[in-house]
Amino acid sequence: KKRDEFEDILEERRQSSDLRYAMKCYTPVIYKGLSACKPSAIKNSVLQSEQVQYVIKQLSKEMGESADIIQEEATEILDEMGHNLHIGAIRFFAFSLSKIFKRLFQRVCVNEEGIQKLQQAIQEHPVVLLPSHRSYIDFLMLSYLLYTYDLALPVIAAGMDFLGMKIVGELLRRSGAFFMRRSFGGNRLYWAVFAEYVKTMLRNGYAPIEFFLEGTRSRTSKTLTPKFGLLSIVMEPFFKREVFDTYLVPISISYERILEESLYAYELLGVPKPKESTSGLLKARKILSDNFGSIHVYFGQPVSLRTLASGRINRCPYNLVPRHLPQRLSEDIQEFVTDVAYKMELLQIENMVLSPWVLIASVLLQNLPAIDFDVLVEKTLWLKGITQVFGGFFEWPDNLCANKAVTSSLALHTNIVSLVNGQVVLNDMGIEDGATEELIFKQALSILMCGAYRNQLLNVFVRPSLVAVALQMTQSFRKEEIYNCFNFLRNMFSDEFIFFPGIALKDFEEGCFLLTKCDVIQVTPQEILVTEKGNSAASFLAAMFRPFMEGYQIICRYLSKETKETFTEKQFILGIRNFAFQLLETGSTQCYEVLSSDLQKNALAAFVRLNVMKKMKITSGLTYTVNKEALSKTEEMFESQIPKRKLVTARL
Amino acid sequence: RQEILKWNGWGYNDSKFIFNKKGQAEFTGKRYRLSGMVLPILKEWMEKTLGASLEHKITSRTSLNISDVPPSIVNEEFLQDLRATKISYSREAEDRVFRAHGHCLHEILVLREGMFKRIPDIVVWPDCHDDVVKIVELASKHNLCIIPFGGGTSVSSALECPADERRTIVSLDTSQMNRILWIDERNLTAHIEAGIIGQDLERQLGESGYCTGHEPDSMEFSSLGGWVATRASGMKKNIYGNIEDLVVHIKMVTPRGVIEKGCQVPRMSTGPDIHHFIMGSEGTLGVVTEVTIKIRPTPEYQKYGSVVFPNFERGVACLREIAKQRCAPASIRLVDNAQFQFGHALKPQVASIFTSFLDGLKKFYITKFKGFDPNELCVATLLFEGDREKVLQHEKQVYDIAAKFGGLAAGEDNGQRGYMLTFVIAYLRDLGLDYYVIGESFETSVPWDRVIDLCRNVKERIVRECKEKGVQFAPFSTCRVTQTYDAGACVYFYFAFNYRGISDPIHVYEQIETAAREEILANGGSLSHHHGVGKLRKQWMKESISDVGLGMLKSVKAYVDPNNIFGNRNLL
Ligand SMILES: Cc1cc2nc3c(=O)[nH]c(=O)nc-3n(C[C@H](O)[C@H](O)[C@H](O)COP(=O)(O)OP(=O)(O)OC[C@H]3O[C@@H](n4cnc5c(N)ncnc54)[C@H](O)[C@@H]3O)c2cc1C
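Chains as they are written, first to last, in the UniProt record's numbering: chain G, 1 to 652; chain B, 1 to 572.
With the rest of the complex left out, here is chain G (with noise of 0.2 Å):
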């Protein structure tokens, strides 16, 4: 696969003066179709439009209001959420996010040919700008860019929280950005409000709308599944026929070395997350101005939602009912929107560079304490090969000796490792003595971090590593029995990691695809023989998934002792905090991650849909119970893969 090329554009930054750079004439681009109207203007038409009227007239009938009252109401949440175009405040940011930026990291990379494409887009078609969201950077990068190429500012959904945040905030919603509640699922005006306002955004073409498919940040840098709302929102003017098309731009945005990144470690171990105010920021910023590396921003190909439509959306439900009328989402148009999120999650996944940094951990994590250096450069270079045969994204120069390479990304991650006497220790994991609560705790801190950056590869190893994991479990050569097995881990890990839905037989193909193309497999018809070379492959590629494997399956243990009859999810959360505590005082596993909080969820998440657990709506909120039969059989399919036998090796 063709990918572009990438230019770094703080090499200018650097050279000239920042004050003219903020300074300079920015003239964006608009969509063909624009009619200039200001924000005011917008919010008018917004409280005025059919779509948000009908919501109050309805809502006042219902409740006895006063119509005026709930239009009060609409105005003064239009305000909370409105974006407020400054150029001021915009010519503020490029100052001083340049200053900030050069000092953070060393290079900004953009793949100048994704931009183009996407200037090209803005004048077409109104556009959607989906990246994925690691860091707070995730979107002052973005609109830095975009006004760096001269391109019309987007206009943001972020999250409320950034509302707390006094001057922030305000430079922001002055910067284009608006915001919208976290939650608000039973307010209806909220959501009326909300979504005409975006939509009316996106039908006048007044700027590229922004926002995560993940809903927050990745805590572990997996790409978290997507969320559906706000991309029904945005599909609506289309599926209407409102505008003739609109255009989804994935964007990976990948960190060397992420800002937050002992902070995720901290909340994934349930250390509550310091709320995020201005002054919290500010002190992170201080404490953390050292080195974070380079930043690739990759602008994906835009993609057509008319083209992505044509032949899946059946007309009709649009027809026949008025077009301001809330509608509920009909099925295919459902199932069509979810495609769409996941399509596009796994074109961000396709276009994140990795970094070496990435290999290093993956590596380290399956060679603890310590690994030579020498054996981690060998090591490294083996997994870089693999990695770009599964499809994985490099910007590792040619002429870039693996020595160097890992040397200075070992630099970088002096709070994650440290090289003493040519070993490359992961921090905090030599101290043997003293199983002690606290040492467990900071060495899980460092285990999550440095998982973090292992995560990044496993969407691109998913699907060959489960093959191998499905091949370990069954010791079998039988290509059903394989495959079968396969299908029971992608089910269960369907929240961990991006699936396309439904298309199970095909990931499994291609998983065998893979290993077969980098020689750990062989395939034929009815069977599937790991290759004698291939075995070492095969097992680290498994191993890759194991803290995943062990987490959920001490999650089924945890689950299988538990007395309670029904938990909420918190009880559910502290148990098993409280269980893995105990079985890594023992030593009993070494599985750390089975602490992080994400992992725990999944799992939740997981058995709730695979029918082990149920989940259950009382006054107070979400309550739990387990079917203890459901769970025997989990555990047993998970079992089957212990006692740890050596993977069968075909004769050849």
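Among these hints, one or two may not hold up.
Quick list of in silico lysine-lysine cross-link-like pairs, BS3-like style, CA-CA up to 27 Å [as the list claims (entries may be wrong)]: (1) 38/G <-> 467/B; (2) 390/B <-> 324/B; (3) 303/B <-> 467/B; (4) 227/G <-> 517/G; (5) 557/B <-> 134/B; (6) 43/G <-> 404/B; (7) 57/B <-> 32/G; (8) 633/G <-> 479/G; (9) 633/G <-> 601/G; (10) 517/G <-> 564/G; (11) 517/G <-> 379/G; (12) 117/G <-> 469/B; (13) 390/B <-> 117/G; (14) 24/G <-> 99/G; (15) 43/G <-> 227/G; (16) 117/G <-> 24/G; (17) 303/B <-> 57/G; (18) 561/G <-> 517/G; (19) 324/B <-> 303/B; (20) 117/G <-> 2/G; (21) 628/G <-> 614/G; (22) 2/G <-> 467/B; (23) 57/B <-> 30/B; (24) 32/G <-> 48/B; (25) 557/B <-> 32/G; (26) 236/B <-> 324/B; (27) 564/G <-> 614/G.
If you want the ones that stay clear, here's a sample from chain G, every Cβ over 12 Å from chain B, calculated [claimed, not checked]: (28) 394; (29) 396; (30) 560.
It is worth saying that the hints were derived from the structure and are not from the lab. What you are looking at is a predicted structure, and each value in this text was computed from that prediction instead of being measured. Virtual Cβ for every residue (Gly too), placed ideally from N, Cα, C.
Assemble the complex: chain G is given as a structure, and chain B with the ligand must be docked to it using the hints.
Chain B with the ligand only, in chain G's frame:
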């Protein structure tokens, strides 16, 4: 009549667009106001808009190649029976080819450079209702296929013979049934034979001081029976109504017998209206032979008018308001900017009523003072009818509304010119065909709130499809709103493109037409407002009227015509 009409194009032999020796476009003949005039800007428009060039000309054959024509196969017993009825008939190749088609693009292209796979074997000219009864009886007896033929202006492939029809195909030409049988001045109705052609009908009624007011753009050539059979719509429906509002009584000969109502009343509640099985039946159930239709005294006064709007959106909003206030003039049409510019290109050299308002002062006024963008503005043409005083009053009301939407009165001449153009515009396609330009029109009806979106999306879709299919010059893709209703509007599209460099233009053309129709349906538009379904749009019938709806129509067909004598296979 056949003698004075083109055999391979639209309209009268003597009327056509040509490029004269000086390389200027000219419209020949004497029939129309545009006839004999030179149109200096047309050439440039064709070059600029369509990338056509005078150097690249196709010369199509000048006459029919008789040897290509499929033979006439008619069994002798039927011929004997037919002769006994004294009904005139013909098996000449020219007569049969003339009735083998309507005026879809692909049909005209076949005439110019190919031959139909199947054409009628015989043409019959019944003289009256009873003749039709005899022909239908004979057809049933000998198991033949009848295809009624009115004016031949169909644009839905309705007249095309199914290629795999094995039976003898009889083209039943209604042109000899063209008398006004009586006029009832007390009830203001007239009883008329179905073969009468629109312009003859209006002329003859006019002699008695009446009119029907039904004026489809094809009225020079289309027939009363054809209107009923296709559910036609006339330009002045705002005053007179569409065909379904106009008919009071219909007589139709079917293989089961004659169907008609027992009285001639304005309305009745006797179950579903059987007229609605007949109207739009497209020749699949029987032959409409006689129709009682409403007539009106010829209006005392007619006045044209026009309004310029800054853009299409404002224009549509204005039409919507006029429809809301139910004060639409006899006709009101809104053309988009591209069509407005096209109209400009048809401006003749001689300064007369044709002076365009884009000229001189007015242009200056509109673009400079009112800030209208010449590439955005669009124009509505109006036709008022009635007694003088009321017309003037009505006119003021409409212009007042228009002013609220930024509309600027732009004179009578422009209005009149606009309507005149609709009659000659059909001739233009033949000119295009000589220069690698193919074009077609199609129409739909759509709720008011979707008019703008539909127009924009369909035009854009055409442009996009052309690009994707390798059409090298951007197509001419334009629309106008031609009718207003309480709940929506009728929209009419033209599109044309230059096919130089494309190996299979007709296939590409068909794909684009299909895509455009898909787009219309996806935008909440109908399959057809007045052209009908024929065979061209059959594929979307199910989705248009549901499975059960289709089943209902099929069961009517099965009862009325169990042996499929009327086997043109339209509609179902
Ligand atoms: C340039 C142009 C402009 C047009 N403008 C309009 C317009 O403004 N409004 C509009 O409604 N249409 C318009 N049309 C379409 C066409 O003129 C109409 O469909 C018209 O009603 C067809 O009448 P016809 O007599 O030409 O019928 P034909 O074309 O001869 O036949 C049409 C169909 O009706 C059947 N049929 C004809 N006569 C009878 C009969 N006596 N009994 C039973 N079945 C019969 C035929 O079998 C065939 O299926 C236009 C077409 C062209 C080419």
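Quick rundown of the hints versus the structure:
1. Restraint check for residue 38/G and residue 467/B: the C-alpha separation of about 35 Å exceeds 27 Å, so the hint is violated.
2. A distance of roughly 20 Å separates the Cα atoms of residue 390/B and residue 324/B; the hinted pair therefore holds under the 27 Å criterion.
3. Restraint check for residue 303/B and residue 467/B: the C-alpha separation of about 43 Å exceeds 27 Å, so the hint is violated.
4. Between residue 227/G and residue 517/G the CA atoms are separated by roughly 34 Å; this puts the pair beyond 27 Å, and the hint is violated.
5. Restraint check: the Cα-Cα separation between residue 557/B and residue 134/B comes to about 21 Å, which is no more than 27 Å; the hinted pair holds.
6. As the CA atoms of residue 43/G and residue 404/B are separated by approximately 24 Å, the hinted pair is consistent with the 27 Å bound.
7. The hinted pair formed by residue 57/B and residue 32/G fails the criterion: a straight-line CA distance of about 36 Å is larger than 27 Å.
8. Pair hint residue 633/G plus residue 479/G holds up; C-alpha atoms about 22 Å apart against a cutoff of 27 Å.
9. As the CA atoms of residue 633/G and residue 601/G are separated by approximately 20 Å, the hinted pair is consistent with the 27 Å bound.
10. This hinted pair does not check out: residue 517/G and residue 564/G have alpha carbons roughly 49 Å apart, beyond 27 Å.
11. Simply put, residue 517/G and residue 379/G have alpha-carbon atoms about 19 Å apart, close enough for the 27 Å limit, and the pair holds.
12. For the given pair, residue 117/G sits about 22 Å from residue 469/B by alpha-carbon distance, which is consistent with the 27 Å threshold.
13. Between residue 390/B and residue 117/G the CA atoms are separated by roughly 59 Å; this puts the pair beyond 27 Å, and the hint is violated.
14. For a cut-off of 27 Å, the pair hint linking residue 24/G to residue 99/G stands: about 16 Å separates their Cα positions.
15. For the proposed pair residue 43/G and residue 227/G, the alpha carbon gap of about 26 Å is at most 27 Å, so the pair holds.
16. Taking the CA atoms of residue 117/G and residue 24/G, the gap is about 23 Å. The hint holds against a cut of 27 Å.
17. About 45 Å separates the Cα atoms of residue 303/B and residue 57/G, which puts this hinted pair outside 27 Å; it is violated.
18. Between residue 561/G and residue 517/G the CA atoms are separated by roughly 44 Å; this puts the pair beyond 27 Å, and the hint is violated.
19. For the proposed pair residue 324/B and residue 303/B, the alpha carbon gap of about 22 Å is at most 27 Å, so the pair holds.
20. For the hint pairing residue 117/G with residue 2/G, the CA-to-CA distance comes to about 16 Å; that is within 27 Å, so the pair holds.
21. Between residue 628/G and residue 614/G the CA atoms are separated by roughly 11 Å; this keeps the pair inside 27 Å, and the hint holds.
22. Using a Cα cut-off of 27 Å, the hinted pair residue 2/G and residue 467/B holds, with the two alpha carbons roughly 26 Å apart.
23. Restraint check for residue 57/B and residue 30/B: the C-alpha separation of about 26 Å stays at or below 27 Å, so the hint holds.
24. Note on residue 32/G and residue 48/B: the hinted pairing holds, with a Cα-Cα distance of about 22 Å set against a maximum of 27 Å.
25. Proposed proximity of residue 557/B and residue 32/G is contradicted: the alpha carbons are some 51 Å apart, above 27 Å.
26. A threshold of 27 Å between alpha carbons decides the hint, and for residue 236/B with residue 324/B the separation of about 18 Å falls inside it, so the pair holds.
27. Distance restraint check for residue 564/G and residue 614/G: the Cα-Cα separation of roughly 14 Å lies within the 27 Å cut-off, and the hinted pair is therefore satisfied.
28. A cut-off of 12 Å between C-beta atoms confirms that residue 394/G is not in contact with chain B; the least separation is 35 Å.
29. No beta-carbon of chain B comes within 12 Å of the beta-carbon of residue 396/G; the shortest separation is about 38 Å.
30. Under the 12 Å C-beta cut-off, the non-interface status given to residue 560/G relative to chain B holds; the minimum distance is some 53 Å.
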